[in-house]
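Colleague: For reference, the chains in residue letters:
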Amino acid sequence: SQQGEEDPQALSIQEGENATMNCSYKTSINNLQWYRQNSGRGLVHLILIRSNEREKHSGRLRVTLDTSKKSSSLLITASRAADTASYFCATERQGAQKLVFGQGTRLTINP
Amino acid sequence: DTAVSQTPKYLVTQMGNDKSIKCEQNLGHDTMYWYKQDSKKFLKIMFSYNNKELIINETVPNRFSPKSPDKAHLNLHINSLELGDSAVYFCASSPQGHYGYTFGSGTRLTVV
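Top to bottom, those sequences are chains C and A. Numbering of the first sequence is given in our numbering, commencing with residue 16 and proceeding in unit increments. Numbering of the second sequence is given in our numbering, commencing with residue 23 and proceeding in unit increments.
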């Protein structure tokens, strides 16, 4: 069954603005990961945050994790046209060697 | 280039045919996966192999048969293709432990 729910399903912003995407999940996890998928391409791993971490940064990306609320957010700062893509959160449950994906957020950056 | 490569990129075939998709990774990863992405972009795991051993089979019809001749290869054979099998199939790999996955570029399967 689907583990993650992402919000919003679609987001359109102007270049230079910040983009925030949210993910909620249902069960206890080992870690939560964010991936980007450009149209017609494979998924690219962006960042992994472990269940004992609360915040992680990578370049213009900032991920938070709140295990008490079973939710995560991905913030992309100073967005660029090249950030236009679908973004997926994925969770690795405790005791399971697989990633379960949310339905994704379609992000459009307008020049 | 270090990568997960899958072939073919596109596959158009008639209902009832049998087809295979091949996947190879040169990353030295221990675990390989097949995921299916439907028309609504929802990704669902199908199979997972660790060092050639099947560890996950997510209630996939037995028309789908994965084969892992060695830990660098995981192929997917599909018998008696149906219209509902049309989707994009992604191969992925990961190292031992809890790390991010590396995905192939996908195979778009269209059954007509």
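Keep in mind that the hints were calculated from the coordinates and are not lab data. Treat the hints with care, since some could be wrong.
Said to hold, decoys possible - As a list, the in silico DSS-like pairs of lysine-lysine whose alpha-carbon atoms are at most 27 Å apart:
no., chain 1, residue 1, chain 2, residue 2
1, C, Lys71, A, Lys44
2, A, Lys31, A, Lys89
3, C, Lys41, A, Lys31
4, C, Lys113, A, Lys62
5, C, Lys85, A, Lys44
6, A, Lys62, C, Lys85
7, C, Lys84, A, Lys74
8, C, Lys84, A, Lys89
9, A, Lys62, A, Lys93
10, A, Lys44, A, Lys74
11, A, Lys58, A, Lys93
12, C, Lys84, C, Lys71
13, C, Lys113, C, Lys41
14, A, Lys58, C, Lys85
15, A, Lys41, A, Lys58
16, C, Lys41, C, Lys71
17, C, Lys84, A, Lys41
18, A, Lys93, A, Lys31
19, C, Lys41, A, Lys74
20, A, Lys74, A, Lys62
21, A, Lys44, A, Lys89
22, C, Lys113, A, Lys44
23, A, Lys31, A, Lys41
24, C, Lys41, A, Lys93
25, C, Lys41, C, Lys84
26, C, Lys84, A, Lys63
27, C, Lys113, A, Lys31
Colleague: Of the numbered hints stated earlier in the document, which are not met by this structure?
Modeller: 1, 3, 5, 7, 8, 9, 17, 19, 20, 24
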